[in-house]
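Q: Each chain is listed here by its residues.
4 protein chains.
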Amino acid sequence: MKFEISAQLKYYTYSNGCIILNIKALKDSKQKVIKEFFTTSTDIKIKDYKELSSRNRLTNLKIVAGQDLEINYNALVDNNFELMDIKKVADLNLSKISPELLKYMHPSRYCQSDKLYRLANNKFGKKTDNFEKVTALTQWIYKNVEYLSGSTNSQTSAYDTVTEQAGVCRDFAHLGIALCRALTIPARYFTGYAYQLFPQDFHACFEAYINGKWLLFDATRLVPLNGLVKIAHGRDAADAAVANIFGEVNFMFSSVNCQLAEDEFIPFIPDNLSRKAISYL
Amino acid sequence: MKFEISAQLKYYTYSNGCIILNIKALKDSKQKVIKEFFTTSTDIKIKDYKELSSRNRLTNLKIVAGQDLEINYNALVDNNFELMDIKKVADLNLSKISPELLKYMHPSRYCQSDKLYRLANNKFGKKTDNFEKVTALTQWIYKNVEYLSGSTNSQTSAYDTVTEQAGVCRDFAHLGIALCRALTIPARYFTGYAYQLFPQDFHACFEAYINGKWLLFDATRLVPLNGLVKIAHGRDAADAAVANIFGEVNFMFSSVNCQLAEDEFIPFIPDNLSRKAISYL
Amino acid sequence: MKFEISAQLKYYTYSNGCIILNIKALKDSKQKVIKEFFTTSTDIKIKDYKELSSRNRLTNLKIVAGQDLEINYNALVDNNFELMDIKKVADLNLSKISPELLKYMHPSRYCQSDKLYRLANNKFGKKTDNFEKVTALTQWIYKNVEYLSGSTNSQTSAYDTVTEQAGVCRDFAHLGIALCRALTIPARYFTGYAYQLFPQDFHACFEAYINGKWLLFDATRLVPLNGLVKIAHGRDAADAAVANIFGEVNFMFSSVNCQLAEDEFIPFIPDNLSRKAISYL
Amino acid sequence: MKFEISAQLKYYTYSNGCIILNIKALKDSKQKVIKEFFTTSTDIKIKDYKELSSRNRLTNLKIVAGQDLEINYNALVDNNFELMDIKKVADLNLSKISPELLKYMHPSRYCQSDKLYRLANNKFGKKTDNFEKVTALTQWIYKNVEYLSGSTNSQTSAYDTVTEQAGVCRDFAHLGIALCRALTIPARYFTGYAYQLFPQDFHACFEAYINGKWLLFDATRLVPLNGLVKIAHGRDAADAAVANIFGEVNFMFSSVNCQLAEDEFIPFIPDNLSRKAISYL
Numbered sequence: 004m005k006f007e008i009s010a011q012l013k014y015y016t017y018s019n020g021c022i023i024l025n026i027k028a029l030k031d032s033k034q035k036v037i038k039e040f041f042t043t044s045t046d047i048k049i050k051d052y053k054e055l056s057s058r059n060r061l062t063n064l065k066i067v068a069g070q071d072l073e074i075n076y077n078a079l080v081d082n083n084f085e086l087m088d089i090k091k092v093a094d095l096n097l098s099k100i101s102p103e104l105l106k107y108m109h110p111s112r113y114c115q116s117d118k119l120y121r122l123a124n125n126k127f128g129k130k131t132d133n134f135e136k137v138t139a140l141t142q143w144i145y146k147n148v149e150y151l152s153g154s155t156n157s158q159t160s161a162y163d164t165v166t167e168q169a170g171v172c173r174d175f176a177h178l179g180i181a182l183c184r185a186l187t188i189p190a191r192y193f194t195g196y197a198y199q200l201f202p203q204d205f206h207a208c209f210e211a212y213i214n215g216k217w218l219l220f221d222a223t224r225l226v227p228l229n230g231l232v233k234i235a236h237g238r239d240a241a242d243a244a245v246a247n248i249f250g251e252v253n254f255m256f257s258s259v260n261c262q263l264a265e266d267e268f269i270p271f272i273p274d275n276l277s278r279k280a281i282s283y284l
Numbered sequence: 004m005k006f007e008i009s010a011q012l013k014y015y016t017y018s019n020g021c022i023i024l025n026i027k028a029l030k031d032s033k034q035k036v037i038k039e040f041f042t043t044s045t046d047i048k049i050k051d052y053k054e055l056s057s058r059n060r061l062t063n064l065k066i067v068a069g070q071d072l073e074i075n076y077n078a079l080v081d082n083n084f085e086l087m088d089i090k091k092v093a094d095l096n097l098s099k100i101s102p103e104l105l106k107y108m109h110p111s112r113y114c115q116s117d118k119l120y121r122l123a124n125n126k127f128g129k130k131t132d133n134f135e136k137v138t139a140l141t142q143w144i145y146k147n148v149e150y151l152s153g154s155t156n157s158q159t160s161a162y163d164t165v166t167e168q169a170g171v172c173r174d175f176a177h178l179g180i181a182l183c184r185a186l187t188i189p190a191r192y193f194t195g196y197a198y199q200l201f202p203q204d205f206h207a208c209f210e211a212y213i214n215g216k217w218l219l220f221d222a223t224r225l226v227p228l229n230g231l232v233k234i235a236h237g238r239d240a241a242d243a244a245v246a247n248i249f250g251e252v253n254f255m256f257s258s259v260n261c262q263l264a265e266d267e268f269i270p271f272i273p274d275n276l277s278r279k280a281i282s283y284l
Numbered sequence: 004m005k006f007e008i009s010a011q012l013k014y015y016t017y018s019n020g021c022i023i024l025n026i027k028a029l030k031d032s033k034q035k036v037i038k039e040f041f042t043t044s045t046d047i048k049i050k051d052y053k054e055l056s057s058r059n060r061l062t063n064l065k066i067v068a069g070q071d072l073e074i075n076y077n078a079l080v081d082n083n084f085e086l087m088d089i090k091k092v093a094d095l096n097l098s099k100i101s102p103e104l105l106k107y108m109h110p111s112r113y114c115q116s117d118k119l120y121r122l123a124n125n126k127f128g129k130k131t132d133n134f135e136k137v138t139a140l141t142q143w144i145y146k147n148v149e150y151l152s153g154s155t156n157s158q159t160s161a162y163d164t165v166t167e168q169a170g171v172c173r174d175f176a177h178l179g180i181a182l183c184r185a186l187t188i189p190a191r192y193f194t195g196y197a198y199q200l201f202p203q204d205f206h207a208c209f210e211a212y213i214n215g216k217w218l219l220f221d222a223t224r225l226v227p228l229n230g231l232v233k234i235a236h237g238r239d240a241a242d243a244a245v246a247n248i249f250g251e252v253n254f255m256f257s258s259v260n261c262q263l264a265e266d267e268f269i270p271f272i273p274d275n276l277s278r279k280a281i282s283y284l
Numbered sequence: 004m005k006f007e008i009s010a011q012l013k014y015y016t017y018s019n020g021c022i023i024l025n026i027k028a029l030k031d032s033k034q035k036v037i038k039e040f041f042t043t044s045t046d047i048k049i050k051d052y053k054e055l056s057s058r059n060r061l062t063n064l065k066i067v068a069g070q071d072l073e074i075n076y077n078a079l080v081d082n083n084f085e086l087m088d089i090k091k092v093a094d095l096n097l098s099k100i101s102p103e104l105l106k107y108m109h110p111s112r113y114c115q116s117d118k119l120y121r122l123a124n125n126k127f128g129k130k131t132d133n134f135e136k137v138t139a140l141t142q143w144i145y146k147n148v149e150y151l152s153g154s155t156n157s158q159t160s161a162y163d164t165v166t167e168q169a170g171v172c173r174d175f176a177h178l179g180i181a182l183c184r185a186l187t188i189p190a191r192y193f194t195g196y197a198y199q200l201f202p203q204d205f206h207a208c209f210e211a212y213i214n215g216k217w218l219l220f221d222a223t224r225l226v227p228l229n230g231l232v233k234i235a236h237g238r239d240a241a242d243a244a245v246a247n248i249f250g251e252v253n254f255m256f257s258s259v260n261c262q263l264a265e266d267e268f269i270p271f272i273p274d275n276l277s278r279k280a281i282s283y284l
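For the protein sequence lines, the chains are U, B, L and C, in the order given. Note that the first sequence covers residues 4 to 284 in our numbering. Note that the second sequence covers residues 4 to 284 in our numbering. Note that the third sequence covers residues 4 to 284 in our numbering. Note that the fourth sequence covers residues 4 to 284 in our numbering.
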């Protein structure tokens, strides 16, 4: 499914330093970046990096004090995800826990799964398989946590949200991840462009590792899961932030967009009874 | 410098599952594992993994309910570390922040550097270079945090320790890492066998990335820095735990040992005035 | 109902200072202290205080370094509680919120009701009256929190317990109080001697202010509510601790006992359907 | 010293309920309320309460849905405080710890003194007497915590501020109180009108109990200590909030004022060397 995505970011710089952006569409065997443009308003030094294991594509921009900096990214992307019927398989095959999986089972800054062990197992531990467990916890978050702009900040974590029950997409994702890990299910943070998200912005949800695949879950239910263009994954928002800023910088403005570049779109928002899921990687 | 290391671990298993151990000496261009033996008391399925970026060596042991499990590891290792004079270089070269470094600049489960920004910069921000900053914060931890067995638990984090001022090696390391990251200095958790540690046990300290090298710091001052055999590094104790257990298992007993396998040993415990440091990677 | 209660406490003192005990049975119009004895092994300066608003009876013992101190308290008490049928009354009469009630509606050290507002109202807010709300939340704690000796410590608060779901009587009480306050129901911590508690110890539960009475609730369901001899109430365990110690003191031993001093005892443990409750003050 | 104080508060009410205000000047043997006026824009039911032990004066206003409510309070007050020379007295006389003092030694919602014990004693424990300790900790807060409007919220506590090192007057007061209590010095929250505070608003600072007197300390150093008109004291901001609101209410506007009603004013801001202090009670 093809989408035209764009992001425009404006900063004013008060010091030298660098901005590391994580806004480019991921490239892999499934998601094809057909064309893309990345430009900056001023002539600055730019270095591109690809992270070894995640293949996240970072852009390191050297900044100089006292400048207006405008960044424009746009791309045409085919998010060739996989739509699957999920068979009943009770558990993760434990001998398959490689270091790459293990790191998504550990607690992280915003996903303190070690503190949610009893709660997660009391609530969801008796479901028959991991797909049912993650479906149930995603539904539980949707029902119990209020989507409320401005209710949380950059320090808010899953341990807060499970009790305070309000937050934004980032908080919904962190809580989903923390509950999965407390159930011994690897889970990671997913960021992307999102078709039919109103108002348009970057979006966050999460992936859980079930039956050998990273399946996508979104407890906000704000967007169809087949309308996402993946940017990055990581342990939590610390790993997959849109921007890491080193130096004194004022964020002035951003505009994010995701448009369908085909004729037809049949939205996929999973219900709780179907055993259908989408995988992006 | 050559050391004979050994670890003996005993568990009783109440369920099927797996134990993932992280106790083998790291192998790299500097640290040579001359010989090593890994045995288990019962004939169980074992799978070895090496983590892609860290080269940590994990051992996945499949466990079966109702068994006494004894694990023995011993090795002869040459920890061919580098002892360096550290030149004054003010800051991290920001265009060099690759994803591999960036992940050690983010907050993590036990190192909430995002909450320590003001404190770290008020206390240590005015030092002239990053080596002085890390030396000063290591000394500050040594002076202000009491080493007190049993005072903390597996949920204790740097945010607790900075105020509660008591802990064990793990807590000293987490606080050092969090303060470094709050000062925009990449830092990571280091585990190893430690010569002249009393009582003998696994040890934890931290590495900070300065002038292009990962330098070793230990705020406990319990052991000479040149008497360590490195096992692993990671973001914090979540990444580099000695054992990850999936299943119901009783930990019965452990014995850890690190002996000098040469004639002479001149302990290196850095003072605050010298600009000498040790790097293990 | 008459009970013979006793407490024996042994300390060793390393410094001068004082111990303030809160172990004497409360005296009021309902609870009669028929006779009581308070003795100490060494001849020390003792001062009795009664708190103005709660009528808690504190004993300030001046301690001297280097002494074995044994304290013995025993009493015969008639806990002449009130057993009531609770009528449906929707809400607290708001014009009746005096400062004496208001302080039991505020968050306190171990009962951070301000953080539980959404959770409490989502779960229990739709019940028809305050008695049903408190009955439901008491039942919810009983079902979801595991009674587990040693799982918590003196810093554990309701905010921890609501998520970590394990604790002892103190933690059950704190969570009950915090949920009540989040529902705009005054609630306070209750300590006492408890008949049929095994093993015998001091017990903690909570009182909620409903229809003009302080009603007793106990989410542990460990003891009959009519077998308690009240010692004290307060905002939380900070106010009603058995002992406040100023100085260096080693706690050596305690023995607590509560025996029936009548022939017959019909245990009262409320079920969820009856609208019966007990009030001690 | 005479001051004219006033407060104007505007609310819009969406539901029935009540607002409990704590804005009237305290009346006691020292502080004389010469005249005062309290009016509301609409004819509502008002009930005045005085708290038993603190003598705080609360006003309970019954509110009705769908109304603009404007409250005006003004008064002429003589804050006949005591200015004292503080003699060296090492410690609190422990046999004098009555329940009234004891409650200001316990941890409270925003002043978790139990977590600051080591830090407080490491930093300030060696000072010769309690006055020096409190003077030193007040100075330490002033130097290390940045006064930054909007940096904190209603959940922020001393445990946060000691590390995050930013806040407003409420946070400065909470940290001062928590450090005092960790040093076994009773301390309580103080609210008042403040002459020469810019911009004009309610102010918060704290009182510590030294040599038998409640002495005033203000780590913000924003106002002269002799220019305050005391409203209330309590354990922390939970006890002494300007308004407790039960019901759905929109806060629209407030205006607070404190003017000198005499000719001359010599500001008293204590320095660290003098042993002079002010007591309001």
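Think of the hints as simulated: they come from the structure by calculation, not from any bench. Mixed in with the good hints, there may be bad ones.
Restricting the straight-line Cα-Cα distance to at most 25 Å, the calculated cross-link-like pairs of lysine-lysine (BS3-like) are [as the list claims (entries may be wrong)]: (1) C:Lys33 x C:Lys126; (2) L:Lys48 x C:Lys99; (3) U:Lys53 x U:Lys129; (4) C:Lys30 x L:Lys106.
Computed spacing ranges between beta-carbons, pair by pair [claimed, not checked]: (5) C:Asp274 x B:Asn125: 21 to 31 Å; (6) C:Gln11 x U:Asp51: 54 to 64 Å; (7) L:Asn96 x C:Glu265: 43 to 53 Å.
This one's a predicted model, so the numbers in the text were calculated from it and none came from an experiment. Glycine included, C-beta positions come from ideal geometry on N, C-alpha and C.
Q: For each hint, tell me whether it holds in the structure or not.
A: Comparing the hints with the structure gives:
As the CA atoms of Lys33 (chain C) and Lys126 (chain C) are separated by approximately 35 Å, the hinted pair breaks the 25 Å bound. As the CA atoms of Lys48 (chain L) and Lys99 (chain C) are separated by approximately 12 Å, the hinted pair is consistent with the 25 Å bound. Simply put, Lys53 (chain U) and Lys129 (chain U) have alpha-carbon atoms about 40 Å apart, too far for the 25 Å limit, and the pair is violated. Of the supplied pair hints, the one linking Lys30 (chain C) and Lys106 (chain L) holds, its CA atoms being roughly 20 Å apart against a limit of 25 Å.
One distance hint, 21 to 31 Å for the beta-carbon pair Asp274 (chain C) and Asn125 (chain B), holds here, with the actual separation near 22 Å. Remark: the range hint 54 to 64 Å for Gln11 (chain C) to Asp51 (chain U) is upheld by a beta-carbon distance near 58 Å. Here the CB-CB span from Asn96 (chain L) to Glu265 (chain C) is close to 44 Å, well matched to the stated 43 to 53 Å.
Checked against the numbered hints above, the structure violates hints 1 and 3; every other hint is satisfied.
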